[in-house]
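There are 2 protein chains.
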Amino acid sequence: MARLPLPLSGLVWTKPETYVVDSLACIKNGWFTEDIETSKGQAFCLEVKRVLHHERSPYQDVLVFESTNHGNVLVLDGIIQCTEREEFAYQEVIAHTPLNCHPNPRKVLVIGGGDGGVLREIVKHECVEEVVLCEIDDVVIRVSKKYLPHMAVGLYHPKVTVHVGDGFKYMAENSDMFDVIITDSSDAVGPATVLYELNYYRLLRQALNESGIICNLVDSAWVNPRLIRNVLRSIKAEYPSIALATAFTPAYISGQISFIVASKEPGRELSTPIRRWTPAEEAKLCRYYTADTHKASFTHPTFVRKMIRESLEAVDSDVEDN
Amino acid sequence: MARLPLPLSGLVWTKPETYVVDSLACIKNGWFTEDIETSKGQAFCLEVKRVLHHERSPYQDVLVFESTNHGNVLVLDGIIQCTEREEFAYQEVIAHTPLNCHPNPRKVLVIGGGDGGVLREIVKHECVEEVVLCEIDDVVIRVSKKYLPHMAVGLYHPKVTVHVGDGFKYMAENSDMFDVIITDSSDAVGPATVLYELNYYRLLRQALNESGIICNLVDSAWVNPRLIRNVLRSIKAEYPSIALATAFTPAYISGQISFIVASKEPGRELSTPIRRWTPAEEAKLCRYYTADTHKASFTHPTFVRKMIRESLEAVDSDVEDN
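If you read the sequences in order, they're chains B and A. Just so you know, we're using full-length UniProt numbering here: the first sequence kicks off at 1 and counts up by one. Just so you know, we're using full-length UniProt numbering here: the second sequence kicks off at 1 and counts up by one.
A few of these clues could be false.
If chains are identical, the list can't say which one is meant, so a pair holds when it fits in one copy or spans any two.
[Said to hold, decoys possible] Straight line, CA to CA, 30 angstroms or less: simulated DSS-like cross-link-like pairs of lysine-lysine: (1) 295 to 107; (2) 28 to 40; (3) 295 to 124; (4) 306 to 295; (5) 284 to 295; (6) 284 to 40; (7) 236 to 295; (8) 284 to 236; (9) 49 to 28; (10) 145 to 40; (11) 159 to 284; (12) 124 to 306; (13) 146 to 40; (14) 284 to 306; (15) 107 to 146; (16) 107 to 124; (17) 236 to 306.
Worth flagging that the hints you see were computed from the coordinates, not collected in a lab. Nothing here was measured: the structure is a model prediction, and the numbers come from that model.
Just chain B, with the same shape it has in the complex (with noise of 0.2 angstroms):
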């Protein structure tokens, strides 16, 4: 997982004046809490053992720590990316779900995620020819190889090409391309908003072959629901299969994350997986994802189906509403 700090408008992104983070001094008494603005008056810690990597990239402030239960730790901007205990629930949610909604996804781009986590899981599919890694802050892969080399294996892939560019020249250069887009960015703070914003969805869906699929983080309903909302009011003109899922991710906060899960394809059944593994195949490939969490991850809390519901029939004006 990681930030993807991409253009607020045009296609050259420009660091805003007003969000500089330093992930330092979320540490106080051997303690991380994040600094998120999202949170609305709730927060996570967690414990540190060691610093092991402080830098300011061009892009993002970027730590790693040796946490004391955790493994070592990504921080971007003052927010978790990864630990090493729980990364595998996020990376296989994101890749997997998509992935097994496609009938034979061959060509995939992965946005951010310089961290190889997700390239680590998009590989364990046969079918898969060719995966594109497009990560703005080579920063993050560097520190990723050195501190976080579970992950990073997926860098290294043979059927991997990592670029380090700004993901939304890449897709604008790149169109009807790929079976599966997969968003790896962080919350929509700061210059990571624009990865929430109708423009950004519109040149996925261009980089997406007819009858492609995206796979894009969006915060928790519990947490940012507002988000939730607009997002999925703003993109479904342009995507007309929609699903909400999500998983049990207990390093961020509420402790699960959700995901925008769309087809250019009408009609597209994403809830139940088109593709699957056998139960053995599963125990050996997955610690978290199975035919049934993909399923399981589609069911939700009656006030979530509301909103969903609310929100994909809303009426074009209501846009702006909430």
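With chain B's structure known, arrange chain A on it following the hints.
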């Protein structure tokens, strides 16, 4: 939800001198941070608007504060028991899951649960004729009536009898009585540890009638898998039908909590409700629970499925191993 401090041996609870928590000391710089032994290097914090009540009952440290974004919060011995904003998830899952696994629950016992939230859910089932609440600490009942009125409403329902006393003693005196028994306790820390031991599950079994079902809290598989393994291994000889359910509970550490659901009858299917409301009733009665979330709550990531399978298949000599 309420901590239920019960006897460490025998039927009279004695407060261990070594377990004294000052919940007020958990508030620093306007934030409350949980004091929790089992959290393994992680912590959850809520922003405090003002302290509403602090008292040491004969059993525990009782704190109620108003948070900035989660409504009023009940804290027992330094651990968050419920927030007004999110409590519905926990209460609905722990109540409706066992009740909808039973063909005709008429008599229900709740051990703990002095806030009244679980009672509020149980009485939504028209077939239920009588609910007994056995809460050892009347301070929890008093402060809930004052500061958590949307939960405490359950305490006033005409079907409900509130018994202030020791759950161990009550069950020893009331054999073969209940269709469903719900243990609405706190984590396995300090005095509540006895609620996770074999003797407690034996007492529950004795208080159930022959087709009875229990539902007990057992922490999160991400935080305390050892507790879940030990409980599963211990109780499998007492209950021929056992299953594990989870719920998204964003205000508890790791954002989820697990429940053991078990029946005295062999071959009872627990993961699919045998009674269910119509979709219209579900939308009216619940904000979280539906027949679909019931089924999904028994669907687990690969590592949890493996843990359950190994615990239930292990021979008795393995019980002490882990």
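Evaluated hints:
Only within a single protomer do residue 295 and residue 107 lie at most 30 angstroms apart by alpha-carbon distance; the minimum there is 24 angstroms, versus 34 angstroms between protomers. Taking the shortest alpha-carbon separations for residue 28 and residue 40, both the intra-copy value of 21 angstroms and the inter-copy value of 18 angstroms come in at or below 30 angstroms. Taking the shortest alpha-carbon separations for residue 295 and residue 124, both the intra-copy value of 20 angstroms and the inter-copy value of 28 angstroms come in at or below 30 angstroms. In this assembly of identical chains, the alpha carbons of residue 306 and residue 295 lie at most 30 angstroms apart whether taken from the same copy (18 angstroms) or from different copies (19 angstroms).
Proximity of residue 284 and residue 295 under a CA criterion of 30 angstroms is satisfied in both settings, with 20 angstroms inside one chain copy and 25 angstroms between copies. For the identical chains of this complex, residue 284 and residue 40 are inter-copy neighbours only, at 28 angstroms across copies versus 39 angstroms inside a copy, given an alpha-carbon limit of 30 angstroms. In this assembly of identical chains, the alpha carbons of residue 236 and residue 295 lie at most 30 angstroms apart whether taken from the same copy (22 angstroms) or from different copies (29 angstroms). For the identical chains of this complex, residue 284 and residue 236 are inter-copy neighbours only, at 27 angstroms across copies versus 37 angstroms inside a copy, given an alpha-carbon limit of 30 angstroms.
In the homo-oligomer, the alpha carbons of residue 49 and residue 28 lie at most 30 angstroms apart both inside one protomer (12 angstroms) and across protomers (22 angstroms), since each shortest distance falls under that limit. For the homomeric pair residue 145 and residue 40, the shortest alpha-carbon distance between copies (27 angstroms) is at most 30 angstroms, but the shortest distance inside one copy (34 angstroms) is not. When the C-alpha separation of residue 159 and residue 284 is checked against a cutoff of 30 angstroms, the pair qualifies only within one copy, where the shortest distance is 21 angstroms, while the shortest distance between copies is 51 angstroms. Taking the shortest Cα distances, residue 124 and residue 306 sit within 30 angstroms of each other only across copies (21 angstroms), while inside one copy they are farther apart (35 angstroms).
In this assembly of identical chains, the alpha carbons of residue 146 and residue 40 lie at most 30 angstroms apart only when taken from different copies (25 angstroms versus 34 angstroms within one copy). Within a single copy, residue 284 and residue 306 get their C-alpha atoms only as close as 37 angstroms, which misses the 30 angstroms cut-off; across copies the closest is 12 angstroms, which meets it. Taking the shortest Cα distances, residue 107 and residue 146 sit within 30 angstroms of each other inside one copy (28 angstroms), while across copies they are farther apart (60 angstroms). For the identical chains of this complex, residue 107 and residue 124 are intra-copy neighbours only, at 13 angstroms inside a copy versus 51 angstroms across copies, given an alpha-carbon limit of 30 angstroms.
Taking the closest pair of Cα atoms, residue 236 and residue 306 come within 30 angstroms of each other only inside a single copy of the chain (16 angstroms); across copies the shortest separation is 39 angstroms, beyond that limit.
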